[in-house]
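**Student:** Whenever a hint applies, use it, and build me the whole structure from the sequences.
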Amino acid sequence: MERVVVKAPSSTSNLGAGFDVLGLALDAFADIVEASYEPEKLKVEVEGVSKDRINPDPMFNTAGLTAALILQRFKVEEGVKIKLCKGVPAGSGLGSSGASAAGTAFALNTLLGLGLSKLELVRIAAEGERASAGAVHADNVAPSIYGGFTIIYSYDPILVQAYPPVDITFALAVPSIEKTTKASRAVLPRRVGLNDFVHNLGGACLAVAAMLRGDPEALGKAMMGDRVVEPRRAPLFKGYVEAKKAALKAGAYGCTLSGAGPTAIAVVKNREVGEVVSTVMAEAFQEVGINCKGYVAKPTGGVKVISTTLV
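First residue of the sequence shown: 107, per my numbering; consecutive thereafter.
Just so you know, the hints here were simulated from the structure itself, not pulled from any lab data.
Virtual Cβ for every residue (Gly too), placed ideally from N, Cα, C.
Take the hints with a grain of salt, since some may be wrong.
Straight-line distance between alpha carbons at most 20 Å, and here's what the computed PhoX-like set of lysine-lysine pairs gives [claimed, not checked]:
| id | residue 1 | residue 2 |
| --- | --- | --- |
| 1 | 375 | 404 |
| 2 | 157 | 285 |
| 3 | 187 | 410 |
Pair ranges (Cβ atoms, derived) [what the hints assert, rightly or not]:
| id | residue 1 | residue 2 | range |
| --- | --- | --- | --- |
| 4 | 267 | 394 | 35 to 43 Å |
| 5 | 223 | 300 | 34 to 42 Å |
| 6 | 220 | 263 | 12 to 20 Å |
| 7 | 146 | 377 | 39 to 47 Å |
| 8 | 377 | 221 | 38 to 46 Å |
**Tutor:** This is the structure we're talking about:
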C-alpha cells in the first residue's frame with residue numbers, strides 16, 4: 107500500500123460542564139487526510155478552509171506533530187507525506203485540530219501497518235494536540251476516532267469509554283471570530299471552589315445520562331449548567347450571549363459554547379427546529395457585526411478510510 111486517504115469528522119466537546127472529558131463526533135464538517143510515502147522524512151501540505159491559519163511547519167500543526175510522534179515512536183525509516191485538506195474551520199471550537207490529528211494517526215496506522223488500537227491512536231493524537239492547544243487533551247480526538255459519544259475518564263493514562271451515535275439534533279452558529287484554543291484555555295481558573303465543582307459534576311453526570319438515553323431535553327439542561335468554563339470564555343466572543351438568548355427563545359433545549367468557542371451549539375427537538383435556531387443564532391452574531399453561518403448537525407461515526415492505492 108502506498109497511499110491512504112481517510113475522512114475524520116468534526117466534533118464538539120464539553121457539552122456544558124464536561125470540560126476536557128466529554129466529546130461528540132458531528133457530521134457538520136470533516137477533514138480529508140492523505141498519507142503516502144515520501145523521500146523526505148516528513149512533509150506536510152495543507153489546503154482547504156482556514157489554510158492560511160495553519161502553520162505549515164510540521165512541528166507546529168497537529169497533523170505534523172502527530173506524524174512525527176508516530177515516526178519516532180515506532181522507528182519508521184521511510185519518509186511520509188501528509189496532505190491535509192481542511193474541511194473543519196480552524197479555531198471554530200469544532201475539533202478542527204483534533205480532526206487533523208485523528209485523521210493523520212489513523213491514516214499512518216493504515217499506511218504503515220502498525221496495527222494500533224483506537225485507544226493507542228487517541229493517545230498519540232492527543233499528544234499531537236499540543237501543537238494547537240499547548241496541552242494534551244483528548245476530548246476531540248477521541249470522538250473523531252471512535253465516533254459517537256466519548257468520555258475521557260482518565261488522563262494518566264488516557265482511557266476512553268465510547269458509545270455509538272444517538273439520534274439527537276444540534277444547531278450550530280459558526281462566527282468568523284479568530285481565537286486560538288490556547289487563548290481560550292488561558293482564561294480558565296487554576297482552582298475551583300467546592301460548590302462549583304459539585305455543581306459541574308452534577309451537570310456532567312446529567313449530560314452522560316442524557317446522551318446514553320438519547321434525551322435532548324435533559325441534555326439541554328446539562329449544557330446550561332457550567333459554572334466554571336463558559337462564564338470565563340463567553341466574554342471573549344462578541345455576540346455569543348445574544349446568540350444563546352436567541353436560541354433559547356426560538357425553542358432550543360439548551361445552548362453553550364462548543365469546545366473552546368466561538369461556535370455556539372444548541373440542542374433541539376428536530377431538524378426543522380434546528381434550522382430556525384441556527385438561523386436566529388447566526389443573525390444574533392451578524393447584528394453585532396460578526397459574519398456567521400448556521401448549520402444543523404447530527405452525531406456521526408468516526409474516522410474511516412475512503413480510498414487506498416496498492417503498490
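**Student:** Now tell me, hint by hint, if it's right for this structure.
**Tutor:** Checked hints:
| no. | hint | verdict |
| --- | --- | --- |
| 1 | 375 <-> 404 | 12 Å, holds |
| 2 | 157 <-> 285 | 15 Å, holds |
| 3 | 187 <-> 410 | 19 Å, holds |
| 4 | 267 <-> 394: 35 to 43 Å | 39 Å, holds |
| 5 | 223 <-> 300: 34 to 42 Å | 37 Å, holds |
| 6 | 220 <-> 263: 12 to 20 Å | 19 Å, holds |
| 7 | 146 <-> 377: 39 to 47 Å | 46 Å, holds |
| 8 | 377 <-> 221: 38 to 46 Å | 40 Å, holds |
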